[in-house]
Structure formats: C-alpha cells, structure tokens
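Peer 1: First to last, the protein sequences are chains A and B.
Going letter by letter, the first sequence gives residues 1 to 276 in the numbering used here.
Going letter by letter, the second sequence gives residues 1 to 624 in the numbering used here.
Calculated directly from the structure, the hints in this document are not laboratory data.
A portion of the hints provided could be inaccurate.
As the list claims (entries may be wrong) - Cβ-Cβ distance ranges computed for the label pairs, FRET-style:
{"#": "1", "chain 1": "B", "residue 1": "Leu48", "chain 2": "A", "residue 2": "Asp256", "range": "50 to 58 Å"}
{"#": "2", "chain 1": "B", "residue 1": "Val69", "chain 2": "A", "residue 2": "Asp256", "range": "27 to 35 Å"}
{"#": "3", "chain 1": "A", "residue 1": "Ala99", "chain 2": "B", "residue 2": "Val605", "range": "47 to 55 Å"}
{"#": "4", "chain 1": "B", "residue 1": "Glu619", "chain 2": "A", "residue 2": "Ala120", "range": "15 to 23 Å"}
{"#": "5", "chain 1": "A", "residue 1": "Ala232", "chain 2": "B", "residue 2": "Thr388", "range": "49 to 57 Å"}
{"#": "6", "chain 1": "A", "residue 1": "Arg252", "chain 2": "B", "residue 2": "Phe41", "range": "51 to 59 Å"}
{"#": "7", "chain 1": "B", "residue 1": "Leu48", "chain 2": "A", "residue 2": "Glu246", "range": "25 to 33 Å"}
{"#": "8", "chain 1": "A", "residue 1": "Ala99", "chain 2": "B", "residue 2": "His94", "range": "19 to 27 Å"}
{"#": "9", "chain 1": "A", "residue 1": "Gly146", "chain 2": "B", "residue 2": "Leu164", "range": "26 to 34 Å"}
{"#": "10", "chain 1": "A", "residue 1": "Gly82", "chain 2": "B", "residue 2": "Pro417", "range": "43 to 51 Å"}
{"#": "11", "chain 1": "A", "residue 1": "Ala120", "chain 2": "B", "residue 2": "Val409", "range": "44 to 52 Å"}
{"#": "12", "chain 1": "B", "residue 1": "Arg366", "chain 2": "A", "residue 2": "Gln248", "range": "45 to 53 Å"}
{"#": "13", "chain 1": "B", "residue 1": "Thr467", "chain 2": "A", "residue 2": "Ala120", "range": "51 to 59 Å"}
Predicted, not measured: the structure shown is a model, and the values here were computed from it.
We put the CB at the ideal spot given by N, CA and C, even for glycine.
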Amino acid sequence: MNLWKHFSIALIVAVFLAGGTAHADLLETFAGQSGKIDIAGGTAHIPVMTEAAKRIMTVNPDIRINVEGGGTGVGVQKAGEGLVEIGNTGRALSEDEIAKYGLVSFAFAVDGVTVVLNPANGVKDLSAAQVQDIFAGKITNWKDVGGADAAITLYSRDEASGTREVFWGKMLKKGAIADNANIVASNGAMKVAVAQDANAIGYMSIGFVDDSVKAPTLEGVEPSQDNAKSGAYKVARKLYMNTKGEPQGLTRMFIDYVTSPECADIIAKAGYIPLK
Amino acid sequence: MSPAPSAPTSSPRPATSRSNSMHRSPVCRRNSSRFCRQLFFDRVARILCCGAGFISLGTLAAIFVFLLVLAMPLFLEGQWEQILSMTWRPYQGHYGILPMLAGSLALSVSAFAVAYPLGLGICLFACGPGPGLLRRGVISVITFMTAIPTVVYGFVAVFLLVPLLNSAVTGRSGPSLMAACLTLALLILPTIVLFLYETMRETEKRTRLTSASLGFSPVQALLLVVLPGSATGLRNAAIMGYCRALSDTLIPLMLAGNAPQLPSSLFDSVRTLTAHIALVVATDNSSPAFHSLFACGLALFGMSFAIQIMIRKKNHPARPLKGIWLDLLAFLAGNRFCLTVVHAWTTAACATLLIAIGGLVIFLLRQSLPVFGTRLFFGDTPVLAAITGRAPVWDGIFAACAGTAALVVLASLMAIPVGIGAGIALSQYLHGRLGRALRFSANILAGVPSIVMGLFGFSLIIFLRHTIAPQANTGLLLSAFCLALLILPYTINATAQALETLPQELRLLGPSLGMTGLQSLRRILLPAASRGILGGVVLSMGRAAEDTAVILLTGVVAQGGLPRGLLDKFEALPFTIYYLAAQYQSADDLRKGFGAALTLLALTVLLYGGARMLRSSLESKWTK
Chain A
1 MNLWKHFSIA
11 LIVAVFLAGG
21 TAHADLLETF
31 AGQSGKIDIA
41 GGTAHIPVMT
51 EAAKRIMTVN
61 PDIRINVEGG
71 GTGVGVQKAG
81 EGLVEIGNTG
91 RALSEDEIAK
101 YGLVSFAFAV
111 DGVTVVLNPA
121 NGVKDLSAAQ
131 VQDIFAGKIT
141 NWKDVGGADA
151 AITLYSRDEA
161 SGTREVFWGK
171 MLKKGAIADN
181 ANIVASNGAM
191 KVAVAQDANA
201 IGYMSIGFVD
211 DSVKAPTLEG
221 VEPSQDNAKS
231 GAYKVARKLY
241 MNTKGEPQGL
251 TRMFIDYVTS
261 PECADIIAKA
271 GYIPLK
Chain B
1 MSPAPSAPTS
11 SPRPATSRSN
21 SMHRSPVCRR
31 NSSRFCRQLF
41 FDRVARILCC
51 GAGFISLGTL
61 AAIFVFLLVL
71 AMPLFLEGQW
81 EQILSMTWRP
91 YQGHYGILPM
101 LAGSLALSVS
111 AFAVAYPLGL
121 GICLFACGPG
131 PGLLRRGVIS
141 VITFMTAIPT
151 VVYGFVAVFL
161 LVPLLNSAVT
171 GRSGPSLMAA
181 CLTLALLILP
191 TIVLFLYETM
201 RETEKRTRLT
211 SASLGFSPVQ
221 ALLLVVLPGS
231 ATGLRNAAIM
241 GYCRALSDTL
251 IPLMLAGNAP
261 QLPSSLFDSV
271 RTLTAHIALV
281 VATDNSSPAF
291 HSLFACGLAL
301 FGMSFAIQIM
311 IRKKNHPARP
321 LKGIWLDLLA
331 FLAGNRFCLT
341 VVHAWTTAAC
351 ATLLIAIGGL
361 VIFLLRQSLP
371 VFGTRLFFGD
381 TPVLAAITGR
391 APVWDGIFAA
401 CAGTAALVVL
411 ASLMAIPVGI
421 GAGIALSQYL
431 HGRLGRALRF
441 SANILAGVPS
451 IVMGLFGFSL
461 IIFLRHTIAP
471 QANTGLLLSA
481 FCLALLILPY
491 TINATAQALE
501 TLPQELRLLG
511 PSLGMTGLQS
521 LRRILLPAAS
531 RGILGGVVLS
541 MGRAAEDTAV
551 ILLTGVVAQG
561 GLPRGLLDKF
571 EALPFTIYYL
581 AAQYQSADDL
591 RKGFGAALTL
601 LALTVLLYGG
611 ARMLRSSLES
621 KWTK
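Generate the whole structure from the sequences, applying the supplied hints.
Peer 2: What follows is the structure, given as structure tokens:
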C-alpha cells in the first residue's frame with residue numbers, strides 16, 4: 001500500500017511537471033470524488049477530452065471517464081436522450097435541438113475548418129469558387145486547378161459531422177457535395193485518408209493538421225487558428241460541450257475544469273485556441 | 001445418492017399402489033421413490049431443453065418484429081417511396097437506400113465472382129493428382145484462414161492492398177470497390193473451399209473403384225465423376241460463400257469508400273447496406289434516416305432468409321450434374337489443350353492463395369513483431385498495477401484485451417448452456433415438423449448478418465428506455481447478449497451434430513439398461529459426444545472474440561479503461577484495430593494497431609486450433 005501511495009504521489013508530481021506553470025487547483029477538487037462521466041460526439045474534441053480525462057483519472061482512479069466519437073449529431077442525440085452525460089458538438093446547437101432536448105452549451109475553444117490535400121499535391125492556393133466546384137463534382141481533375149493530371153478523389157464526412165455542417169455552410173455556401181465522395185467517420189480518419197491518397201482533397205479541423213497533410217491557402221489567407229480567431233479566416237466555429245439541463249456534480253466539475261485556464265495548455269496542444 | 005424423502009411432486013402414485021407399498025421392503029420403497037425422482041428429473045430436463053430449443057425461434061421472431069416496428073413509421077407516414085429512391089442526402093430530405101442495395105449486390109457479386117472460380121480451382125488441386133504434401137498444405141492454409149478475424153483482413157488490406165492498387169492503377173486512388181472485392185473474396189474463400197472439398201472427398205471415396213474400373217486417369221475421374229457427383233457441394237458452397245459476402249460489414253466499411261452512389265466501375269467508391277447501418281445508426285431516433293436503417297435491416301434479413309430457404313428447398317439427396325454442364329466437363333476432359341488450361345488454372349489458384357495469405361502473414365509479422373512486448377500491452381504503466389486494475393493503462397491494449405476476454409466469457413456463459421440444451425432437444429426430444437422448424441430457425445439465425453444483430457441490440461435498448469427501464473444503456477452486458485445470440489446457432493448445431501453422429505449401439509445402450517432418457521444422456525451420450533460439443537463451443541468463442549459489427553452498435557468505446565461492471569462501456573480488440581486503422585494519429589498508434597492485430601489473430605488461431613483438435617480426436621475415437 002505504501003508503495004502505491006508513493007507511486008500515485010509520483011504520478012501527481014509528474015502531472016504537475018507536465019502541466020508546467022498551470023496550477024492544478026481545480027484538478028485537486030476531483031480528489032475523493034468517484035463516479036463516471038460518459039462523453040460522446042464531436043471528433044475534433046477527442047484529443048482535448050482524452051487528455052483532460054487522463055489527468056483527472058490519474059489523480060483519482062475512482063473516476064471513470066469514457067470518451068467516444070461519432071460526430072456532432074451523435075453528441076446531440078446521445079446527450080439529448082440521456083445516454084451520455086456530455087455530448088460534444090463542433091457547431092452551435094440549433095433552436096430545434098435546444099427546444100427538443102433542453103440542452104445547455106459550454107464553449108471552450110475556437111477552431112477553423114480547412115481544406116486539406118496530400119503533401120505530394122502541388123496545388124498551393126485555392127479560391128472559394130474552386131473549392132465549391134471541386135466538392136460539387138464540377139472540377140474532377142487536378143490539372144484544372146493548377147495541379148498534376150490526375151483524377152481528384154473527394155473525401156467528405158458523414159451527416160452526423162459538425163465539421164461537415166460548418167464547411168458546408170460557410171465554405172460551400174450550402175452547395176452540393178457530389179455523391180461519389182468517399183465518406184470517413186472522424187477528423188482523425190480524414191487525416192489518415194488524405195495522407196494515404198496522393199489525389200485526395202478533404203476538409204477537417206485545423207487542430208488536426210500536421211506534416212502528413214497540407215492545408216492550401218484559401219484566397220491567399222492562410223488557414224490558421226490565429227486567423228480563425230481574428231476573423232481573417234472565415235470558416236471557423238467554436239467547440240462546445242453540451243449537457244441535458246444544468247450539469248451537476250462530477251459533470252459540472254469536468255466542464256468547469258475544461259473551460260478553466262487550467263486546461264488551456266491541453267486545448268492549445270490539441271491545436272485549438274482556448275477561450276480562456 | 002442420499003435417501004431423502006421424496007418430494008410431493010415425485011410421488012404421483014395412485015391410491016392402489018400405496019396399499020401395495022405396505023407389503024414392500026424399505027429398500028424396494030426407496031428404489032421406487034428414487035425411480036420417481038429420476039423420472040421427474042428426466043421430465044424437467046426435457047422441458048428445459050425444449051424450452052432452450054425455442055429460444056432461437058423466439059429470437060428470430062423478436063428480431064423481425066423489432067425491425068418491422070421501427071421501419072413502420074416509414075409506411076405510416078407515406079415515406080416509402082422516398083426510401084426507394086436513388087439519392088441519399090438526409091440533409092436535403094432524401095433518404096433513398098437503393099444505392100446501398102446496389103452497392104451490396106455489386107460488392108457481393110464481384111467478390112463471389114473472384115472467389116468461386118478460385119475456390120473451385122483450389123478444390124480441384126486438393127483432390128487432384130498433385131504431390132500429397134502440397135495438397136495437404138493448401139488445405140491447411142485454407143483451414144488456417146478460417147481463424148483469421150475479419151478485422152485483421154481489413155487492417156492488412158488498408159495498409160498493403162490499397163497502396164498496391166493505388167500504384168498499379170494510374171489516375172485513380174483511394175478506397176474502392178476493387179479493394180473491398182479482393183479482400184472480401186479472400187474472406188469467403190475458406191467457406192467455399194471447405195464446403196466443396198468435403199463433398200468432393202466424399203464423392204471421390206464413393207466412386208474411386210468405378211472410376212478405376214472405367215480406366216479413367218485421375219484428372220478424367222476428377223472432371224467426369226467427382227465434380228459432377230458433387231453437385232450439392234457445388235451449390236451449397238456457392239450459397240454459403242455468397243451469404244458470407246453479403247452479410248459482411250467491416251470489409252466494405254474499411255475499404256469500399258462508403259460513397260452513397262451507384263458504382264459505374266470497379267474503381268468507384270460504394271456503400272453497402274451493412275456499412276450504411278454502421279455509419280448512420282447514431283442519428284436522431286425519430287428521423288426518417290433512422291427508420292430507413294431498419295428498412296435496410298429488413299432487406300438484409302430478407303435476403304439471408306431467402307438464401308436459407310434456397311438451400312433447404314434444393315437440398316435433395318446428391319443429384320449429379322447433368323445437361324450442358326456435364327457436356328462442358330466432358331469437353332474439357334477430352335481435349336488435351338483444355339486439360340492444360342485446367343491444370344494451369346488450378347495451379348494458379350493455389351499460387352494466388354499462397355501468395356495472398358503468405359503476404360498477409362509476413363506483412364503482419366514484420367510490422368508487429370518488433371513492437372510485441374509488455375509495452376504494447378501496458379504502455380508505461382507498471383504491469384502488476386495494471387493487471388490488478390489499480391492504475392489505468394493509457395498507451396497499451398491491455399484494456400482492450402480485458403474487454404474482449406470479458407465479452408467472450410459473458411457471451412459464452414449465456415449462449416453455451418442454452419445452445420447445448422437446444423442441441424440436445426433437437427437431437428433427442430424434438431422430432432417431426434416442430435424439430436425441423438426449430439432446426440430451420442437455428443440455421444436462419446446463423447445466417448443473420450451480425451450488423452443486423454447489433455441493430456437489434458441497439459433497438460432493444462431504445463425499447464427498454466421507452467418502456468420499463470429508462471436507465472438502460474448500451475454496454476458490456478448488451479454486447480455480450482447480442483454476441484450470445486450470434487453464436488447460439490453454432491453451439492446448437494455443433495451439439496446436435498455431435499449427438500447425432502454417435503454410433504447407434506451407444507444410443508441403444510442406455511434404454512437397454514433401463515436408464516431414463518436423462519440418465520442415458522448424462523452417463524453415456526454426453527460424455528461420448530463431449531469433445532465434439534466442446535469443439536463447437538470453442539469455435540463459437542472464437543467467433544465471439546472476432547466479431548466487430550455487433551459491438552460497434554452496442555457499446556464499445558475507443559478509450560474506456562477496464563470495465564468495472566456489466567453495464568459499463570468497454571474496449572475490445574477488434575474495435576481497437578478497426579479504430580486505429582481508420583484514425584491512427586502517430587506512428588506509435590499505427591504500430592499499436594499492428595500489435596493488436598497480431599494479438600487478436602493469435603487468440604483466434606488458438607481457439608480455432610483447440611476446436612479442431614478436440615473435434616478430430618473425437619472423430620478418430622469413433623471411426624477406429
């Protein structure tokens with residue numbers, strides 16, 4: 001038992017060190033608590049949720065936090081039906097959704113949605129009209145937008161995706177998305193799919209962009225989180241956690257923790273801009 | 001046995017016998033009450049077994065009713081025509097499922113068209129005049145393939161086959177019908193080959209003397225006698241193989257691209273009904289999109305039902321091929337050039353098989369062996385603390401292994417007693433029309449696609465939440481329950497078959513000694529059939545360990561830790577593999593995926609190997 005105590009102290013110390021300057025006041029409030037939180041929905045949220053859960057569960061192994069994806073639609077549905085405590089969405093809830101389920105939203109980060117290409121693709125800039133035509137299936141070859149002579153492979157998200165709704169509304173102006181687009185189920189899967197396919201075009205959360213994919217500039221504007229926050233890059237949204245009614249107990253503490261400055265480093269590390 | 005006083009229910013003697021008992025010795029009375037007790041036990045066992053027999057029928061009815069009820073709003077609100085349209089754009093109010101139906105047909109037909117000739121070639125080779133070692137080797141490879149989990153095929157195909165296809169075909173890239181078709185063909189190949197091979201071997205044994213006395217060469221005998229004589233095998237192999245191709249979820253989900261469109265070429269992206277259910281199930285429970293899924297479920301259910309009826313209807317005792325097929329075979333056998341072609345084809349089929357499976361195994365081993373170690377399972381957590389559940393494991397697959405183990409144990413606990421009971425009922429108690437109906441229902445249940453079983457579980461939870469248990473949620477218990485339903489028919493069939501193949505003398509032994517049915521079953525028949533039954537049990541555990549489609553819909557999560565209760569969400573190996581294939585975020589993640597794939601493969605190979613050994617030792621025991 002003594003050994004175990006030492007070990008958990010060592011772990012807590014390690015977390016403190018990893019957290020850097022962030023003081024872990026809120027994290028301490030989890031000590032002595034027990035129970036579980038089920039989280040589902042937006043896939044852009046997963047890195048933040050998992051990391052926050054990891055820190056909490058390391059401090060207190062009696063708390064169980066399950067993190068599932070599924071997409072924004074799943075977050076709304078599952079939180080609304082009471083299947084999970086927290087349903088994440090990558091967009092603001094609609095009037096209908098709030099009225100139907102009585103959901104309460106908590107925003108914690110700003111995130112842009114960007115077009116992504118395979119790094120081997122020579123195309124560096126796309127105009128909004130070009131992107132719209134590509135996704136509508138009107139432009140089908142990369143040579144028409146200044147790339148190599150190869151058929152464009154479209155990648156899109158399923159209908160439950162909040163990223164899809166934001167991209168569709170703000171970038172495609174609610175225009176058509178061709179039926180022959182491959183469908184992937186999450187931001188993470190989009191990155192993998194585009195990274196593996198030299199002719200791919202897709203769209204995803206800026207937070208997920210890394211070396212394995214390339215985000216072209218849009219009308220000359222670089223899709224970065226700073227530009228998304230300043231408003232220079234228009235295709236942006238906030239990331240929300242939602243609960244059915246006002247959150248209570250452990251769920252409340254989790255939400256307080258994620259929306260506090262203490263979690264800012266997690267959010268920043270996941271590639272988003274924290275609101276606090 | 002203790003001479004306890006007999007329970008009131010076990011002494012149904014009429015008044016006359018009571019007056020007689022006054023003259024009996026105490027020993028005699030004790031024996032009489034013991035006999036009554038035995039009769040009572042026998043009756044109870046019979047009732048329990050028959051009750052278990054009806055569970056498969058009940059489940060089948062429940063699945064059908066659930067699908068129908070949840071698809072019903074479409075009928076009532078007149079959206080039926082919308083469902084039967086060619087466009088799936090739920091955000092614009094189009095809910096057509098026809099593209100998915102076409103996708104399912106295109107994929108299953110094309111995979112079948114690849115696999116069947118390949119399978120036939122392999123069977124001809126395995127029964128042909130080639131070197132015995134090679135022939136046995138090919139069949140062992142095929143047997144090994146039955147143990148490879150679907151998700152492992154999918155995982156390796158994503159990282160081996162898709163890049164190969166991308167580089168082979170210029171101007172086209174990404175997932176496609178072609179990639180899914182080739183992988184699926186490999187998946188259904190063992191089903192086709194094993195069904196056909198069994199029949200051909202039987203026919204060959206039966207007709208060996210005839211062929212020899214007619215002076216046929218081995219190849220002629222194969223083409224003119226064995227193949228035409230195995231018509232039942234040819235047909236059943238085709239139907240079972242096709243059924244497997246139609247009902248698979250994971251391969252199309254991982255490899256076919258999932259675009260809801262009519263495919264116009266082999267390199268198009270398609271979405272099958274099964275993948276469609278998996279993709280769309282988490283949607284608003286009152287939307288037409290949600291209800292349309294149950295129409296998809298009904299379509300799949302209907303197709304597997306029709307296929308089972310087809311098998312049943314046409315299964316006359318072995319009727320040989322005739323007409324044009326026989327003429328064709330005669331032409332092939334008579335023409336030297338054609339014989340060369342046949343020979344080349346069988347060799348090529350075997351070579352393809354060996355290259356594909358060899359490539360798969362070598363690729364998997366090369367990628368996963370370097371990472372295979374405690375780090376893969378436990379990450380940086382100390383092993384002891386992880387196993388005892390005191391410290392959570394973050395970067396290892398330990399929780400997934402534990403989840404899979406819990407699933408297999410729970411599902412087996414639920415399915416195996418019921419399955420064995422039902423198997424006993426089918427072989428011992430229920431005969432005639434009722435027995436046939438129950439047997440038929442077990443076969444249909446075996447053909448129900450696993451995604452439909454998952455959909456059933458999911459709708460069960462919705463039903464429970466809206467009626468008696470508002471707190472009901474998906475989780476370990478639900479997944480195990482659905483998996484139990486999935487493996488139930490395997491256990492039933494294995495038990496019934498093991499009991500029915502026992503020698504007649506054994507079955508007469510009990511009654512001739514004056515045993516009751518239960519005594520004979522317990523003391524003679526079950527011990528004699530135990531290995532066969534156990535083989536079936538282990539086989540169904542392997543099936544429970546590898547299935548992904550069911551748990552996908554009933555409560556598996558990517559990050560959950562050790563399950564602490566029956567209602568908890570859980571991690572599972574097949575899902576971890578599927579999840580990492582689609583969205584690994586680092587090279588570490590990817591290696592973890594390969595490690596998990598090898599772990600799952602090792603687990604299923606172990607289970608299947610055990611099942612085969614048990615079964616073959618039973619066979620050798622009775623055929624001596």
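Peer 1: So, for every hint listed, does it hold in this structure?
Peer 2: Going through the hints against the structure:
no.: 1; hint: B:Leu48 to A:Asp256: 50 to 58 Å; in the structure: 55 Å, holds
no.: 2; hint: B:Val69 to A:Asp256: 27 to 35 Å; in the structure: 42 Å, violated
no.: 3; hint: A:Ala99 to B:Val605: 47 to 55 Å; in the structure: 54 Å, holds
no.: 4; hint: B:Glu619 to A:Ala120: 15 to 23 Å; in the structure: 56 Å, violated
no.: 5; hint: A:Ala232 to B:Thr388: 49 to 57 Å; in the structure: 53 Å, holds
no.: 6; hint: A:Arg252 to B:Phe41: 51 to 59 Å; in the structure: 58 Å, holds
no.: 7; hint: B:Leu48 to A:Glu246: 25 to 33 Å; in the structure: 51 Å, violated
no.: 8; hint: A:Ala99 to B:His94: 19 to 27 Å; in the structure: 25 Å, holds
no.: 9; hint: A:Gly146 to B:Leu164: 26 to 34 Å; in the structure: 29 Å, holds
no.: 10; hint: A:Gly82 to B:Pro417: 43 to 51 Å; in the structure: 34 Å, violated
no.: 11; hint: A:Ala120 to B:Val409: 44 to 52 Å; in the structure: 48 Å, holds
no.: 12; hint: B:Arg366 to A:Gln248: 45 to 53 Å; in the structure: 52 Å, holds
no.: 13; hint: B:Thr467 to A:Ala120: 51 to 59 Å; in the structure: 55 Å, holds
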